[in-house]
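Take these sequences, add in the hints, and give me the full structure.
Line by line, the protein sequences give chains A and B.
Take the position in the first sequence, starting the count at 1, then add 199; the result is the number in the numbering used here.
Take the position in the second sequence, starting the count at 1, then add 838; the result is the number in the numbering used here.
Derived by calculation from the structure, the hints in this document are not laboratory data.
Check each hint, because a few of them may be wrong.
[Stated by the list, open to error] Below, simulated SDA-like cross-link-like pairs (lysine to any residue); rule was C-alpha separation at most 25 Å, straight line:
#1 A:Lys272 with B:Glu923
#2 A:Lys272 with B:Lys905
#3 B:Lys1002 with A:Leu539
#4 B:Lys963 with A:Leu539
All values derive from a computational prediction rather than experimental measurement.
If you want the building blocks of each chain, they are given just below.
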Amino acid sequence: MSKVLEYSPTKTIEQQLREERFRDEVLDHNITVSMGPQHPSTHGVLRLEIELDGETVVKTIPDIGYLHTGMEKIMEYKKYQQNIVITDRMDYLNPMGNNLGYIMCVEKLLGITDEIPERAKVIRVMLTELQRIASHMVWLGTHALDIGAMSVFFYCFREREKILNIYEAICGGRMTVSFFRVGGLPYDIPEFVPKMVRDFCDGFPSAVDEYETLLAGNKIFQSRTRGVGVISAEDAIQWALTGPSLRGSGIDFDVRRYDPYCGYETYDFDVPTELDGDVWARFRVRMRELRESLKIVRQAVDRLKPGSVKVDSPKIALPEREIMKSQMDALIHHFLLAGLGFEVPPGEAYHAIEGSKGELGFYIVSDGSERPYRVHVRGPSFVNLQALPSMAQGYLIADVVAIIGSLDIVLGEIDR
Amino acid sequence: MSDKKESEIYAPSSSDSRLKATDASAYIEGRFSDAVEEVKQQHGEVSVYVKREKLLEVCTFLRDDPKLRFNMLSDLTGFDRGVDESPRFEVIYQLLSLQNRCRLRLKVRLDEEDCRVSTVSNIWKTANWHERETYDLLGIEFDGHPDLRKILTPEDLEGHPLRKDFPLRGY
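Written out as structure tokens, the structure reads:
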């Protein structure tokens, strides 16, 4: 554009533009804005190409792949037990869930799903539900931060810290835990952990009340979220949304209910749904889920009975350290398992669990060797993000930020 | 705003009237005897191999039939069975019926020389990105796809990383 507007305090810019015949070029054309990949509200390296008419979104084109590290390819070259470490790095806010989905799929291929000891199952449920709470804490903090409520972030990280401390006490890792193993757990949790979990459970309800007071009753928060980013139940199914994003549209689909694993059918919990399908509905669903997850954690702690935490199969689970040092055959098993891994019978399996963001599915093809032939991850963030253009259309550009927050995406899982 | 009626459609039916994956596969085998190549069952999961030409017909039926209603496509992916294998590729569709609470896996076999299959993104919108990913990583083309571009790998990367002849390192 060659012309430069003269400064004139009496006219608005629009009047001036119309007079100067910039009209065709500027006023009646949509403009395209590139948001990200370094934008803080895109929760990672997501780039959105947004076509705008004034402030209204006409079209959104997500551009992903900035974080692609070829995890599915790498997993084909690693042994089954080595891949657990890779799953941590996908959805780094939900590592326990990723571990669980992967190892349960391998257990399905091995045919040992029913042989997992009760104690291992209860600990798995307890830790994944704590992880769901921790993941929702990050979601709540960043979602509120994006909309402009800064203080919530710090309170959320306070509670999350307590959960990460529990993880640290159990396995030494805080975010990349790699704690679950095919066939159970690597070792039992320390004696003091149930007390830590109970302490957390006692303090947490009042913390949720605090978040509700900070946000739910806030007029600004409500006007930023109510009626924004609406998606109907029909569309949500067409886009295969899962998790809280789907339940916000009124469909009570939860893998823990529909297709129970790990003994979830024996726990007493509700699947919260909301009918409106907007950002506010998804917020309500997740807030209620926090309390439901806490209910499950409480039940799991009460169920902790002494017992073994791994299958009685030396070909799959490593022997106890002390036994390995004193018995010859245990040493041989340890050596073979650590050095060569275990072979998985040929076949294929798809196992889905309810991750913190939705249905997290692992599809593994085995050719009979100790390395998977093909691993595919159905990441809930990948699928949920796809619905963003249809959710954002017709809303303001500031609402896009709120909608991304309500989808709760993690780019590590989208790009894999 | 979703009204009550909509959510009732997707509510699960009572446990006795629910269809199992084995019933569903038998049902479509009877209906499309010329389209179903093989039915496999493993680990409680049913895989149905479908002829490539008949895929769209079978998928539309699976979604719309009031008894089956596989209204959600959970996942779509593919894999390379090996450089010397024939047919070399398989495309996998993981279907989910919210009404029957059951999953079904559809599979299509593709030859290396002609690795293309019709898109199902008109049936389930969610297939759009899954098909782009499969195209990007495995080089399987989806006919009729509205926007078949690379999605994960950089623009200047040649080849398809999940093919078995693509090197892990040294590229």
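Hint-by-hint comparison with the structure:
1. Distance check on the hinted pair: Lys272 (chain A) and Glu923 (chain B) sit about 19 Å apart at the alpha-carbon level, within 25 Å; holds.
2. At most 25 Å may separate the alpha-carbon atoms for a hinted pair to count; Lys272 (chain A) and Lys905 (chain B) exceed this at roughly 39 Å.
3. Straight-line distance between C-alpha atoms of Lys1002 (chain B) and Leu539 (chain A) comes to about 22 Å, which keeps the hinted pair within the 25 Å bound.
4. As the CA atoms of Lys963 (chain B) and Leu539 (chain A) are separated by approximately 43 Å, the hinted pair breaks the 25 Å bound.
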